[in-house]
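Q: Quick note, the sequences are listed as chains R and V, same order.
With UniProt numbering applied, the first sequence corresponds to residues 1 to 355, in that order.
With UniProt numbering applied, the second sequence corresponds to residues 1 to 541, in that order.
These aren't lab readings, by the way, just hints derived from the structure by calculation.
Bear in mind the structure is a predicted one, so any value in this text is a computation, not a measurement.
Glycine included, C-beta positions come from ideal geometry on N, C-alpha and C.
A portion of the hints provided could be inaccurate.
[Stated by the list, open to error] Mimicking DSBU-like on lysine-lysine, the simulated pairs with C-alpha atoms at most 30 angstroms apart in a straight line are:
#: 1; chain 1: R; residue 1: K123; chain 2: V; residue 2: K16
#: 2; chain 1: V; residue 1: K19; chain 2: R; residue 2: K281
#: 3; chain 1: R; residue 1: K315; chain 2: V; residue 2: K319
#: 4; chain 1: V; residue 1: K152; chain 2: V; residue 2: K16
#: 5; chain 1: V; residue 1: K138; chain 2: V; residue 2: K76
#: 6; chain 1: R; residue 1: K123; chain 2: V; residue 2: K466
#: 7; chain 1: V; residue 1: K466; chain 2: R; residue 2: K116
#: 8; chain 1: R; residue 1: K116; chain 2: V; residue 2: K19
#: 9; chain 1: R; residue 1: K281; chain 2: R; residue 2: K123
#: 10; chain 1: V; residue 1: K319; chain 2: R; residue 2: K76
#: 11; chain 1: V; residue 1: K384; chain 2: R; residue 2: K55
#: 12; chain 1: R; residue 1: K281; chain 2: V; residue 2: K138
[Said to hold, decoys possible] Stretches of chain R that chain V covers, calculated by requiring three or more beta carbons in the stretch to come under 8 angstroms of a beta carbon on chain V:
#: 13; segment: 20 to 29
#: 14; segment: 285 to 296
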Amino acid sequence: MNVIISLLAVIVLGVIAYVGVEGAGLRVLFGVIIPYAAVLTFFVGMVYRVIDWAKSPVPFRIPTTAGQEKSMPWIKPQPIENPSTRGGAIVRMILEVALFRSLFRNMKLDFRQGPKVRYSSEKFLWLFAILFHYSFLVTLLRHLRFFTDPIPAWVVGLESIDSMFKVEVMTPVIEIGLPALLLSGLVLGGMATLLLVRRLWIPQVRYISLPADYFPLWLIIGIAITGILMRYVIRVDVVGIKELTMGLATLSPALPDGVSGWFFVHLFLVSVLFAYFPFSKLTHMAGVFLSPTRNLVNNSRAVRHVNPWMTEPVKYHTYAAYEDDFRELMVEAGLPVDKELEPEDESADDKGEKE
Amino acid sequence: MATKLSADVLGNIDHKPPKQGWMDTKPEFLPGTYLYPVNPESLKAIGAPGAREWNPTESDWKLPADWQGTIKAGIKDRLNRFRSFKLFMDICVRCGACADKCHFFIGTGDPKNMPVLRAELLRSVYRQDFTALGKVFKKMAGGRPLTEEVIKEWFYYFFQCTECRRCSLFCPYGIDTAEITIIARELLNLIGCQIDWIGTPVANCNRTGNHLGLQPHTYKENVEYLLDDIEEYAGVRIEPSFNRKGAEILFVTPSGDVFAEPGIFTFMGYLMLFEHIGLDYTWSTYASEGGNFGFFTSHETMRKLNRKMYAEAERLGVKWILGGECGHMWRVVNQYMDTLNGPATFLEKPKSPITGTVFDNAASTKMVHITEFTADLIKNNKLKLDPSRNDHLKVTFHDSCNVARGMGMFEEPRYVLQNVCNNFYEMPPQTTREQTFCCGSGSGLNAGEYLEMRLRGGLPRANAVKAVHEEHGVNMLSCVCAIDRAVFPALMDFWVPGVAVAGVSELVANALVMDGENEREYNLRGEEIPTAGDDDAGEEE
Ligand code: SF4
Ligand code: SF4
Numbered sequence: 001m002n003v004i005i006s007l008l009a010v011i012v013l014g015v016i017a018y019v020g021v022e023g024a025g026l027r028v029l030f031g032v033i034i035p036y037a038a039v040l041t042f043f044v045g046m047v048y049r050v051i052d053w054a055k056s057p058v059p060f061r062i063p064t065t066a067g068q069e070k071s072m073p074w075i076k077p078q079p080i081e082n083p084s085t086r087g088g089a090i091v092r093m094i095l096e097v098a099l100f101r102s103l104f105r106n107m108k109l110d111f112r113q114g115p116k117v118r119y120s121s122e123k124f125l126w127l128f129a130i131l132f133h134y135s136f137l138v139t140l141l142r143h144l145r146f147f148t149d150p151i152p153a154w155v156v157g158l159e160s161i162d163s164m165f166k167v168e169v170m171t172p173v174i175e176i177g178l179p180a181l182l183l184s185g186l187v188l189g190g191m192a193t194l195l196l197v198r199r200l201w202i203p204q205v206r207y208i209s210l211p212a213d214y215f216p217l218w219l220i221i222g223i224a225i226t227g228i229l230m231r232y233v234i235r236v237d238v239v240g241i242k243e244l245t246m247g248l249a250t251l252s253p254a255l256p257d258g259v260s261g262w263f264f265v266h267l268f269l270v271s272v273l274f275a276y277f278p279f280s281k282l283t284h285m286a287g288v289f290l291s292p293t294r295n296l297v298n299n300s301r302a303v304r305h306v307n308p309w310m311t312e313p314v315k316y317h318t319y320a321a322y323e324d325d326f327r328e329l330m331v332e333a334g335l336p337v338d339k340e341l342e343p344e345d346e347s348a349d350d351k352g353e354k355e
Numbered sequence: 001m002a003t004k005l006s007a008d009v010l011g012n013i014d015h016k017p018p019k020q021g022w023m024d025t026k027p028e029f030l031p032g033t034y035l036y037p038v039n040p041e042s043l044k045a046i047g048a049p050g051a052r053e054w055n056p057t058e059s060d061w062k063l064p065a066d067w068q069g070t071i072k073a074g075i076k077d078r079l080n081r082f083r084s085f086k087l088f089m090d091i092c093v094r095c096g097a098c099a100d101k102c103h104f105f106i107g108t109g110d111p112k113n114m115p116v117l118r119a120e121l122l123r124s125v126y127r128q129d130f131t132a133l134g135k136v137f138k139k140m141a142g143g144r145p146l147t148e149e150v151i152k153e154w155f156y157y158f159f160q161c162t163e164c165r166r167c168s169l170f171c172p173y174g175i176d177t178a179e180i181t182i183i184a185r186e187l188l189n190l191i192g193c194q195i196d197w198i199g200t201p202v203a204n205c206n207r208t209g210n211h212l213g214l215q216p217h218t219y220k221e222n223v224e225y226l227l228d229d230i231e232e233y234a235g236v237r238i239e240p241s242f243n244r245k246g247a248e249i250l251f252v253t254p255s256g257d258v259f260a261e262p263g264i265f266t267f268m269g270y271l272m273l274f275e276h277i278g279l280d281y282t283w284s285t286y287a288s289e290g291g292n293f294g295f296f297t298s299h300e301t302m303r304k305l306n307r308k309m310y311a312e313a314e315r316l317g318v319k320w321i322l323g324g325e326c327g328h329m330w331r332v333v334n335q336y337m338d339t340l341n342g343p344a345t346f347l348e349k350p351k352s353p354i355t356g357t358v359f360d361n362a363a364s365t366k367m368v369h370i371t372e373f374t375a376d377l378i379k380n381n382k383l384k385l386d387p388s389r390n391d392h393l394k395v396t397f398h399d400s401c402n403v404a405r406g407m408g409m410f411e412e413p414r415y416v417l418q419n420v421c422n423n424f425y426e427m428p429p430q431t432t433r434e435q436t437f438c439c440g441s442g443s444g445l446n447a448g449e450y451l452e453m454r455l456r457g458g459l460p461r462a463n464a465v466k467a468v469h470e471e472h473g474v475n476m477l478s479c480v481c482a483i484d485r486a487v488f489p490a491l492m493d494f495w496v497p498g499v500a501v502a503g504v505s506e507l508v509a510n511a512l513v514m515d516g517e518n519e520r521e522y523n524l525r526g527e528e529i530p531t532a533g534d535d536d537a538g539e540e541e
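Isolated chain R, as found in the complex (with noise of 0.2 angstroms):
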């Protein structure tokens, strides 16, 4: 269900932008406007997002040591598992962000009734997933030749490693000559289908799923299907797109006439994820480097860490009013006491809490 409605929301905004343009004219808004507009919500709202995050403090050491901790110089610790240096924690970051080390550790249950339990290796979600952020990275990147002039050398290079692993499609519809299909597109088509098939295939994950999981996968399977499509089925003007795209960059946005409505759905969806992004699950992009379980030194023991808001001296059940409790038992039982027992009728009013 949730599924078919996320898929429904992309269409219709797909639809939008297409008879926005190509039946009501609406150029300015989708080719200028919006776009402007999203760009702007997506990093104005992701910082927003972070120094919101950042405002609230991380009062405890909080990592989680998923390694031996250091200790006597006999025994080996695990500095980038449990880091005891800032050093190891930005270390533990980069394979954290760049490898995404935490969900190669991945495990699957496998249950049997008895019941029986095992683990095994479980790989393909950290591989989708970091197929997918790479390729999306690579695709972004390439695109920078549509907003740059002259295009700078590495984007060109990056173009030509990309398109080193060119997939030759040949089919009538497709005419021969036109550029190799990039494998940074397909592969981000393909993985993002493939992170949508793994979300509807495993029960227990249709089941968490929500509308907002799915959404941005549709919108970014919308993206790839509409790059590619223009790329090679529909006839697209590429001067015009380029003309266009670079009089955004340079701040002095102009409307070519002759580009397809098609490019319009493409630059629509863009924008819709851009300014989607701020305000999703899509921010785990930046919230991952804040995450305290994470880049947080073990070394609490160590040294000392002040909590912010816990400042005010704490009331506690002091040994005084302890002893005041227990004192004739205490003495009974040979036990040390600060205070003698003394005769009868002592008055004590202490109400045994203490700053």
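Assemble the complex: chain R is given as a structure, and chain V with the ligands must be docked to it using the hints.
A: Same frame as chain R, but now just chain V with the ligands:
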């Protein structure tokens, strides 16, 4: 209830979620699967809100007036105080990597025991009331209103999480459902929805120093019984001191070690070890609980109970504190103590008086773990050990969750074990060290009325023990956690009969060759030690 359970019944677990969506599924408060509500007197004793008589199986929970306002204000307050909470509310992508990592999910098949869904129970309320998309799109954005049904569900499932952090290890963003559980329990605590096995020990620890509420003389008497036992089995009379000013070291251990089997054998182990090396230390009856049940109610209560350890160290004028074998006590000491109640400037950086080793890793808290301390003694050849006395045991080691994923002590206990016993076997790798499975009863869930759930939650751990029991004949499960010692015997009896449970210090003491001791014929449990001459020594189950 326990008698009605059978391995077959519990083994018939289905991990497929129901057809109906989770927001429409309500928990059933069946005996054995929920915990008794707190005695109102215990809440009053420490000034906690919401004290009242109520019963989870009845439809009216008698929630205090404006409980919704209280909960929402509580959420807001905590979003501003804990980055972990705010971040973990926002960035979960529901990838499900954590889903099958929770022992309660494995043992019940209940989808709400998937860590991600456990967090969603709270996150859905957060979304509806605290996020832009949720305010607009409500259910479409995964939001739902805060109703009494939600509170009931929270009570059921947030006391079905042992805060073991196993899920956190596997989450790509380090989302720690234990953190979310900690906050959720704080929220429940604001409206008096606490369980008795936490609320009453908290009140007891506050007043008497230990969770059972035993008074100082009883504490001392109990220790004396144990001294008699040591004399009987080892032939050495030990005279420890209590509340003694001027001792060099204060020793604090969970009070469970003083009162119940098999914890008491561990306690005897500490006493013998200290006697053997001539340590100048004292016990305190006032700070006689290392375990901090406040950790399971709120950060403030944790702090209040934790404070007593430093207060007592200061009053007695000791140099530093040595801590016994306990799981959550060490999570609190490692992650919170110095921040909560430091700086402990009245103490000195810990230095072993026997080996001269300076514990730099404890420079600020001034607190050393007994297993670190013992490992250092062995490394420096300060103990006379005869590991063959443990030859009839085939030992495996359970990394307790708190010490593993909340601290990172893995090698010290293994080093100690390998020096005090000759037969040591590791459980399968996906179930030990940082991937260790919880005992299923941690974080205050070790109540008798909860046995079915505890057996379910303990299934993954027991299954791993069973593997080494069948393969190597392992008959002793060792650990460095008092809750483990308290709950494993029932878990083993049910899932892996023939496996006993011991703290590491008990095995140390069995191997210890003390001055003036007798020919050891009995171990600390009063069981005859099979001698090397016996044919089936080492074969016995
Ligand atoms: S592993 Fe982390 S991100 Fe994935 S569902 Fe669990 S908590 Fe969410
Ligand atoms: S902390 Fe442990 S008990 Fe709680 S959800 Fe995670 S794995 Fe389950």
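Q: Looking at the structure, which of the earlier hints fail to hold?
A: When the structure is compared with the hints, numbers 11 and 13 turn out to be violated.
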